[in-house]
Every structure is written in structure tokens, then in C-alpha cells.
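Asker: Residue numbers (this note's numbering), protein chains in the order written: chain A, 2 to 258; chain B, 2 to 258; chain C, 2 to 258; chain D, 2 to 258; chain E, 2 to 258; chain F, 2 to 258.
If you're looking for bench data, these hints aren't it; they were derived computationally from the structure.
Treat the hints with caution; some may be incorrect.
Because identical chains cannot be distinguished in the list, a pair is counted as satisfied if it fits within a single copy or across any two copies.
[Said to hold, decoys possible] Here are the simulated SDA-like cross-link-like pairs (lysine to any residue), alpha carbons at most 20 Å apart as the crow flies:
no., residue 1, residue 2
1, K217, G248
2, K217, D190
3, K217, T245
4, K217, S241
5, K217, R200
6, K217, R247
7, K217, A240
8, K217, A244
9, K217, V196
10, K217, A194
11, K217, W8
None of these values were measured; they are calculated from a predicted model.
There are 6 protein chains.
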Amino acid sequence: MSLRQDWDSGNDTLGVWLSNASSVSAEAAARAGFDYVCIDMQHGAIDYSSMVGMVQAIELGGGVPIARVPWNEPGIIGKTLDAGSHGVVVPMVNTREQAESVIRSCRYAPAGSRSWGPVMPNMRHADNRTWAHEYIACIPMIETVEAISNLDDILSVPGIDAIYVGPADLSISLGLEPGNQDGDPLFDDALAAIVAGCRRHGVVPGIHATGALTPKRLEQGFRMVTVTADLLAMTIGLASELATARGATSGTSDRMY
Amino acid sequence: MSLRQDWDSGNDTLGVWLSNASSVSAEAAARAGFDYVCIDMQHGAIDYSSMVGMVQAIELGGGVPIARVPWNEPGIIGKTLDAGSHGVVVPMVNTREQAESVIRSCRYAPAGSRSWGPVMPNMRHADNRTWAHEYIACIPMIETVEAISNLDDILSVPGIDAIYVGPADLSISLGLEPGNQDGDPLFDDALAAIVAGCRRHGVVPGIHATGALTPKRLEQGFRMVTVTADLLAMTIGLASELATARGATSGTSDRMY
Amino acid sequence: MSLRQDWDSGNDTLGVWLSNASSVSAEAAARAGFDYVCIDMQHGAIDYSSMVGMVQAIELGGGVPIARVPWNEPGIIGKTLDAGSHGVVVPMVNTREQAESVIRSCRYAPAGSRSWGPVMPNMRHADNRTWAHEYIACIPMIETVEAISNLDDILSVPGIDAIYVGPADLSISLGLEPGNQDGDPLFDDALAAIVAGCRRHGVVPGIHATGALTPKRLEQGFRMVTVTADLLAMTIGLASELATARGATSGTSDRMY
Amino acid sequence: MSLRQDWDSGNDTLGVWLSNASSVSAEAAARAGFDYVCIDMQHGAIDYSSMVGMVQAIELGGGVPIARVPWNEPGIIGKTLDAGSHGVVVPMVNTREQAESVIRSCRYAPAGSRSWGPVMPNMRHADNRTWAHEYIACIPMIETVEAISNLDDILSVPGIDAIYVGPADLSISLGLEPGNQDGDPLFDDALAAIVAGCRRHGVVPGIHATGALTPKRLEQGFRMVTVTADLLAMTIGLASELATARGATSGTSDRMY
Amino acid sequence: MSLRQDWDSGNDTLGVWLSNASSVSAEAAARAGFDYVCIDMQHGAIDYSSMVGMVQAIELGGGVPIARVPWNEPGIIGKTLDAGSHGVVVPMVNTREQAESVIRSCRYAPAGSRSWGPVMPNMRHADNRTWAHEYIACIPMIETVEAISNLDDILSVPGIDAIYVGPADLSISLGLEPGNQDGDPLFDDALAAIVAGCRRHGVVPGIHATGALTPKRLEQGFRMVTVTADLLAMTIGLASELATARGATSGTSDRMY
Amino acid sequence: MSLRQDWDSGNDTLGVWLSNASSVSAEAAARAGFDYVCIDMQHGAIDYSSMVGMVQAIELGGGVPIARVPWNEPGIIGKTLDAGSHGVVVPMVNTREQAESVIRSCRYAPAGSRSWGPVMPNMRHADNRTWAHEYIACIPMIETVEAISNLDDILSVPGIDAIYVGPADLSISLGLEPGNQDGDPLFDDALAAIVAGCRRHGVVPGIHATGALTPKRLEQGFRMVTVTADLLAMTIGLASELATARGATSGTSDRMY
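One chain only, chain A, in its complex shape (with noise of 0.2 Å):
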């Protein structure tokens, strides 16, 4: 099932976030459970270079791979597609401009004006100019003040499946801290703005959040939340492994460390 059918049958979604450029370790994400897997290419130390194998180990493994791309660009927007993915994910959409500039590097024409070259693709879908048509996911992002304050501008622009929140980068812009900044008035009216023009309008809400974070995520109306990430989720692990090793050898080991 893809991302837009999942949330065409009124489910919600939960993904994983990919940073690390490894084609392994997105095979395991994908075989994880997770509705989608994004391979970050913004702040991810991922390019280009190795998304190719990414998306093919996020396919076998059974996952809907989608991609953000480090800007709101056609070149890397259309190799994105042409990889293979599923949807893309568009950092700092702040205008209406800006939202049609992505609908326009997404969509083939009339739609947008996407360049036809679907090389991988055209390996693993019978149709594809169809299978764009329908499977496809452009998303934006809503990350700044400048963002909300054009939100029904952007929100209307034809073609649009979902935005995405980047709290760190929304907070930022509201003056705070970078982070989930959950119980200032100023983020949480954000957040609650942001899915209530998404109903106004059709559009999928989504944002980045943690495992602990996602049941509020959800009950606020988001319906595309990422739960965790590659690189965070083997620190925790870490971690907490470790801990454990640790506990009992304090009677064993006079080693602080």
C-alpha cells in the first residue's frame, strides 16, 4: 500500500527517518514496521550517490521509501523521483510560489512540468507515467512563521498530498529553542493552526516527533508522524545496552566508566 492510499483509507501513518548513507542498515529500517521510510538528504549525511541503493534495499525490505531533498530545487527533486521514490519531502516552503515551484518539479505535464526519465521506475512499474500520477507524495514543509502566515495560500495549491512540520526549525522561527517546544503557547497554536488549515483543506498534516511524542501527535490530527531515526535509534540503543552491561559490574570491576 502506498503512502496515498494508506491515507486515502483515513490511516494514519508512523515512518522512520534515515541519516546515515548505508544501504544495510536501510534495508533494516524497512523491515522494522514502520508505513514509510524517508531518506534525508537535507541533514542526513546522505546524497544522491547513495539513495539509489537505499531505495532499492527500503523496497526489498518491504517499505514505502520516500525522500526529502536538501532544497526546493528541480534537478535533485526530479533525480529523486527518478530513483525511485515514492514522494518527496521539500524543505522551507514559505510561499505560494514556492509551494507551486514543488508541484511543478513533482508532477509530470499538464500537472507540473517534471522531465520524463524515469530510469529506475521504469524497471519495477508497468505504467509509470500512471503510477506517478496516483502513487507519488509531494510534500512541504511547514517550518516558519512566514509558512503559517501564507498557510491557506500555500495549502490550496493543487496537487499538494501532505505537509510536513519541522519543529526544530519552527521554533526556531518562533523565537524559541530548537525543539518540541510542547506547552509554550506560541508552538502549540502553531501546531494546532497548521492541522487545522490541513482540514480546511484535504491536505495530510505531518511532522517530526519521537516514540513518546507520537500518541499526542496523533490526537492533535497529525497523520504522518515520524517516530524515530537510524542514527538516533542506534544511540539509544546503545545506550541503554550499555547501561545494562554496566548495572551489574559496579561488584565486579573497580573500572569507572
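The hints should help you fit chains B, C, D, E and F onto chain A, whose structure is shown.
Answerer: Chains B, C, D, E and F only, in chain A's frame:
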């Protein structure tokens, strides 16, 4: 502090295993606080082409980089050390002759016949011959019935700093299922025999474990205990975060994950 | 002989397209006898990190390496030329302003504003400024209705050596299915208009084709015709060999392939 | 279906060889309909660093990935299987002792002494020990006069599923030019002897061939026949398309290609 | 010590340029004693896929890693800083608007609009927002007649720490041959004007030089002077060693090298 | 001209060593005018995955590519030659049996048992069997006391074209510090014995040297002398340029570098 200094000071050491060919996750793992970080070129999805950068990343992260080679072969042992590894774990050493070959590959003459050309250590250490002599840890693996039957022959080879037990291979060799077969007398007796042998010969006993098993292994006398691994920790972390995320979703979504 | 010398001598040129990031298949393709070998960084599964070695392989194989960039962006055009490409194909040039930007990116001052630093050509040519001036081919793509409506504005920009038609994008822009729509007057007229425009302005008309279509395209006046591509040729070759192999297997095997 | 299941069901199998280190062409080849796809790490321009991703690509493409190792060496055979290969082709097996070494490297105890740590199969199969036991194909190569003189000694080693003939090496060993020397009694008799030996011992005979030779090889009794290879098919395809393109150019161009 | 601390302390800084995508030569260069090591992604044969490891290598070697981006584009500037670069050199900044764009890309709000997600710095610095604010150097390039004519407009943009002159591009823009055109009044006056402008605005003037030119550039007032580069130094070293080697060979060999 | 032609014509040959896995610096080194360029896979930070492209780069640069393998192992020797190397340097050949193994790995039957499959030479040479027979240089290393004591046994093995002395390993084996120990009679006598032995058997004596040592080595009778290496030359060049830059800075800066 090097592993050998640690051991000479009477410290137990806890380590982490790397199976993913990435200098990014290697730096993250090196910063997690383990006493050694082992690049696994035997069963990990890693070979020499990745390890040069991984050693750099581990050194940058303040970790002690060692490596497991695919097999007891002088070429790859030499390349591993020339890449700057502080030690080498060599699988399936079952006889005294094989142990002597490990030492020949690891040590410069007259102790062995390692070839001179430490391309990466040359950048980092003022006197590489002394550094190699005093710091590099030679660590054959003891993981079969045959090796245990030759234990004193192996452990008495001059130049062995530690040995390392692979519990899965040991179990298979004992006719058990691969894994930690604690409670099975065959397995328990084998571990006890290895630790006892190491004590007789002044060799550090090491073993692959888990966070939960580590305290027991330390109590059993193992002094080099691998707690977890990169991909394993990531998988544990992903599953844990996803479970947390789903815990409260039951009320807001009818989706069966 | 360079492409521009070929064209100046009145020769038609037949080329091959590369979509696979490999210096091995690039050398093989370069030795196959085509007049140019184009590294496709737009729709091919290739980016800059692979193209440096591919240019070396093509030069070694005696081919003329050119490249298609992902988009009309000065950074990647500069890197492509600094990697030693003899020419650059730039997608989706629809206006005179966009064509002028191509020239600015491709030519040193005063003709343009390319930045100096030809790291790879420096190794190969004695006088790089002259070499670049006389050899590098600037090849904007004409592949939309908008571009055809601006044809004279585009073709009259000084410094354009050739243009290149992407038939799939042209067809989509014309409201047709992606592909070669020969026989459809919209498509046929568009090609004729482009060739006629090129003749008016002394610009070489180029187009993406197939082996079978090439003779017709040459008759239509195209002088830079891409005959096939690496992955496509491999797929054709595999299918052909497998069919040959199976042809006589029917009697000796009841397997339905 | 695995190769061994294919063979056990009485099916002949046709395969393709990969010499290019690319997960892109590997996926394309896997989708071409062959019964196995062999990653050639001996003569192909491929080593372990590329094969992990190539196995992923072949699995994604629905192919059965096997691999040829550079030499009969336990380290690389283990790494190849840990990367998820369904079988391993081992060159230059000339004696029973060498054949026994192949089996030791390929099989877990008690059948052999492969070390446990299936990093990639772990992601894909629920019970890896059973999967390995039932699916992995051990395929020594018979390609010298010496091997033929030891044929029964080799083929009677327990655990050999198939053997594979390298016709070029066989010809050289016979004192002929490298290649398929059909018609030369030395060569014909050698193939016949190998097929007869395989039938005596219940081992599947395999051989490297071409599309045109495949029907004959199947008639001779070979049941694992490699039809073509990635680079070879590309070269054939390029030459064929270029010839088609040039066929009709003679009238429109005075260029002698 | 960071570059900005160096400059604030009144120190002149001498640097080295890297054009080769290698973490091995990067570590060697970092250990050579320069005040900064610049990874050149514009004219060097390097892109993002290599720079993550190169930054690790430079940090390990005790150097200060900065990077030149291919163009003034927010996506790559963000990725460069997220990879852990301590500064960014941005080519061809000719107007105040372009300089403001550099600052927007380099600085977090409210000074700019860099997006939050410092994947590699996160591992290394406790407070990344403060670290970025105090350490990261924004360095636009001044290298055209147009830029000089807009000098005060550019240099007065808040947040510029230094500017960097590319002498080859400056010369071309002045109508001269690419290179250091010392003695030509056009060139000399341009350098003098840039240094004077920098002093008016409290901006550090930087320039690309050679070992021999460095003393003069320091006397002219430049405070960030690049002395040489990896490939250039290698070429110089190779030629010098070969000349030494050949010097005495004339008597023992009749070979004309 | 090939190395063997050079030697047959009575020419001495001067070479360069590569330790960095880069096709960019390889091309630059190949253009520097040496008679051979050796890719060092033993002590260099290079393995097979990089050498295919490096051989292409060296061929493009007009150099003669040879390679040192990590160990005397048939698999890697075969891969090195299949990658297009014109010769192979094999470390630590101490006995006649080991020397015979080198020849078996390097030569096709009947002279040896190299397996047929020259994937890269196939693209470059019309008759690969003849080319290999006449051009490929087999070069065992003589670098221990044991080897010298077996000198005539080794040098009389048919098919050895040259031998190569590693002075550091030779010194260690002689009980000296690693390096060129000219003046120590043990070292001097060893070199003299090797040259004398080579003359008895018509084998070319080679040795690792420096620019300054080369004339002496040629006088001593060595005819294959490696003058310098990529990383070494870079380090020399960087230090020299930095010293030049600093030389005149003392008056203008109080900074102690």
C-alpha cells in the same frame, strides 16, 4: 588508554561491534563510551575499502579501534594494522600452528614477520615500531571443540594478548543451536575451561555477549566483553520507539500495524 | 576530433547515452565506435561523484565525453566542465533568459562567467582557456511547447553550438504520451520547426532516438543523434540472448520460462 | 524457487553473469527472466564492497543471486554467503581435498565449518540455519585436465550440489586456445566425461555458454547453463543498434564510421 | 582555535586547499601545520559524498576544516555545515543581494534562515547553536569587476567574517589572463581596493596564493592566505623528486627521460 | 613501451608508488614522467575496489600501471591482472616454492595456471594471451634473510622478470631499524648479493628508494628504482610550500606556527 594498558591495569573492558560500513555510525558508536570499538570484516557487511575511514572516525570519536578480519590470512591482517587498527581479532584459530600464524602476521620481526609500511599509523604515532610493539592487541578466536582441545597449545604461543569466544560457533561446534546456550553443561563447561586456561597463561579472555549477559560474563571471569552492535542496537531502538509510538495510538486509529 | 570540429566539417554525429554509474561500462561504450558518449546526470542513475572516473574511462576508450546536467544551474555545469567533459547538455531551456544562463555557466569571460579552475582538463590540455573556447559544446535542450514558441529568441543567443530534443518531454508538452510520436502532426511539425530554426541560426539540431529511428532523424536534418544507451542496450542484448537460448530448449525441457 | 529446488524438480536452469559492480544493472538483469544471476567476483570487475548492494538489487528484481568467489578461500566464501548469496561458485577445484575445503567453507557444522554470523540473511529468513542447509548451492568449478582426472574423487564429496565448467580454462588446460572448442575431440570428450561423471554422482553439471550454444549444452546434458553476461550483452546491444543506425545513413552522410 | 578566534586575536592565517576526494590525503594535509584546510567542492574533484569523511579526517588530524561550495545555493551550504565544516567559502558573490543570501544560508534565525539539523556537529559539540553562532565563518568570494564595484554594499552585510579573492577569476574579469597578474595595475589596484574595503568594514581579506607569493600577500594586508593545494603539492613533489633522481643517472644510463 | 621492453632494451626504469585510492591523483602521477606507476594494495590505503579506476587513469595518463598485491595469494593476483595491470609485485617471497606459486598465479597454462577472464584487458588488447605472455611482469619481492639465503633457488624459477627489494623489511629482517641502512655492512652486503644474484640469472633487480638515493641505487646495479610516492610527495610539497610561505612572514606576523 589502549586495550592492553587497560588489561595490564586490571580493568575489565566492554566493547561494541560494528557491522555497517559507515564512518558516520562509527563515530557515533565511538562516542557512546565503550572501551573498544570493533570493525567486523568477517560477518559484518564491511571490508577494507570502508575500514580506513571507520578507523579515522573511531579515533576522532575517542574510541579504541580494533578489527576482526575475515580469516587467518597475512594479507588482510597486515592491511588492517596498516589502516591503524589497535588490534586484530582472528576467527577460527583451532591449533597452535594457526595461532603462531596469527602472531607472525601481527608482529614485526623478530617476534613475527609483519611487513613494514604503516601508512595510516605513520601519520599518528612518532615511533611506530614501538607503538605497534606495545599497543597492538593480537586476539585469536577460540570457538570450536578442536580449539578447546588444543587450548594450552594455543594459549602458550608467545604474543597472544587475549582470546575471543564466538558463542554461536562454539555452540554449533558443540552440537547445539547457534547462540548463548547458558545452562547447557556443554556450553557452560566450555566457557569455564576457556577462562581457566586463560588464567593459567596470563591471557585475557574475551567473549561476544549482550547487555543483559555482560554482568554474568564478567563474573565468569571474561575481561573483554562485547555488549552489543551497531545494527542490533538500531533494530532494538527502532522496535522500542515504534512500540512506544503505537502504545497510545489504539484509541485514535483502527489501523493494525 | 571534437564534436564541434565534426559539426564544422559537416559531419553528422551518432552518440550513446550512459545511465549507469560505472567507469567499466563507460570504457566499453566508448570503444563501441560512437561519435560522442553522454554521461546522463539528469535521468541516469549517476551524479558528479561518479562522473570524474567515467570521463577518464571514456577518454581512455577514445570517445568524446559530454554530459547532461540535472538542471540549468551554474554550480553543476561548472563542475561538469571542470571534470573534463567536452560539452554539456542542459535540460528544459524554454526562454532566451534561460539560454543566456546556459552560456554564462559554460563560457569564461567575456563570453560568460564560468569560474576558472579546470582541475581535470589542466592535466590534459596545454592551454585550457583556448581549448575550452574552441572545443566545449553548449547544448541547451528544446523540449517543450514554450521553448518552440521562443525558438528564435533561444537559438540567436551567441555561443549555442547545438540544441537537443528530448522527444518524451516534447510529446508530454504537446499533450501526447511520452515517446516518439512520429506520424502525429503535432510531433512531426515540432521536429520540423526545430530543424528549420536551427538552420536559420546555424545551430546543430540534436535529438534522442533509437537505432531504427536514426536514419529517419538524419533525413529530417538532425545532425546529433543519440542511437541508444548503456542499460537499454544491455536489456536488449539480454533479452535477445535469452530468446536464442530458449529457442531450442522447448524440446529438452518442460519448463515454461 | 531456489536453484536447488529447481534442480530437484528436474528443471534445467539458464543464468546470467554479472561483471560490472552496479546495483542498477544488477536489478535490470534480475528482471530479465533468468533462473539465476551470478555476481562474478573472480573475473568480473567486482569485489565484496559492491556485492552486498547487488544481492539486494537481484532479490528486489526477483532473481536468485549467486556469486563466484575469486579463489577457494574460506574468508571470502563466508563473506559471500553472509551477504545473502544463495550459492557460491568456486574456481579451479582440481582435487578432492580442494573440494572438501569448498564444503567446509560453505556448510555449518557438522557438515562443514562455516562460521555463524549471517548478517544479511538474518534480515530475510526466519530460520537461517535451515535456510542455509536447504537452499545454498555449493558449486565447485571443474576446468582443468587435473580436475577431470580426479572427477570421481571430487564429485563424491558429500554436499556438492553442482559443478561448473569454465570452457576457456578447460581449453587452455587441454592445450587449446581459450574458448568453446566444440568439434575438437579433446574438448568434446572432456565435456562428455564431466556430464557422465555428474550423472554417476547425482551432481548437476553446469557450464558457461552463449545464447547460441545453450540448446546444444542442454542437449549434452548440462542443466545449469549461463547464457550471457551484463557487459557482453551491452556490447552486443550497442553494436547492433549502431549498425542499425548506420545502415541507412550511407545516403545522407559522407562520413565513414 | 577556530579561524574566527585566530582572526579576532589578530593572527594571520595560512591555509591549504584540497581538490582530491580522499580522507587519507585530507588527514595528511591536516597534520602539515596549516591554520585551515579547505575542501574545495567547486573546482576540486570532490562533492558532498566525500566531504563527510574528509571533515572527520581533518578534525582527527587537528586541522580546522572549511569548505568551498560549488555555488551560492542554500541546499549545499546547509549540507556543508551539517557535515561539520567550520566555515564556508561561497564563489562569485557580486551583489549585496547575493551576499545577503550567503548569510541567510549560513546563519540560524534570526540572523538567517539556515535549517536546523546538524547531524555531524551534534556528535561533537555540546551546544550547537552557540557553537555555530560563534565559530562558523561566512566567507563570500570577491572575484569580479562587478563585485568590486559593489564592494561596500557587500562588505556591509552583517555576518560576513571574511571575503576570499580568486585571483584567476578576478584576472579574467579584468580582461587579463587567468592567474596572479602582479605588476599589472588593474590587478594590483583591485587587490588594494579589496583590502582597503575590508579594513573599512572590519572584514578579514583572504586570497588564494602560492608559497612564494604568501609573504607579499601578507604585506598587502591579506590575513587569510591559501599557500598551496594537495594535488599541486604532490605534482611539485613528484617533479622535484624525479629531477633529483635523474640528476645523476646520466652517467649510468643512455635513456633520455 | 612496456616495462619488459624497457628492460630488454637495456633501459633503467624509474617509478612512482601510489598509496592513495584515487583515480585523480593516479592520473596526475601518471603524467609526471615516470617509467612505471605502482598501485600499492599491500601497504597503501587501496584495495581492488579502487584499482580498476586507477588503472584506467594511469593508462589515460600515458603511464605503465603495475600493482603490488597484499600477499602471495592466487585470487588477488588474478584480479589485479584482470583489472589491466601490466605487472604484479608480490611481497615476502622467501622460498622457491613461494616463487613458483607467484608464477602459477601470473601465467596462463602451460607456464602457470592463471584462470582466463581478462575483463579489462579484453577491451584494450586484440590478443590478450599473447599480450599477457609478452608484457606482464612477474616481480616477487626479496626482503628477508631467508629469501637471500634461497636466492638462487628463487631467481632460477622460470618466468620471473624482476625482483623487488623492500629495504625496510630487509633491514628489520637483518636486525636493523626499518629504513635504508646504507653504510651498515649487513645492509650493503645484502643489496650487493641481490644484484649479483640477479645478474647470474638474468633477472632485473628492483628496489624502493628516494629521489636522493636513486643515483646510488642505479650505480649499485638496480634497474627498477622507485623514486617516491604520491602521499610522500604531497607531504614534501606541502612542507616545502609552507616553509616558503612562512619564511618571509616573520617580519609581518608574530605568530609562531
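Asker: Any of the earlier hints contradicted here, and which numbers?
Answerer: none
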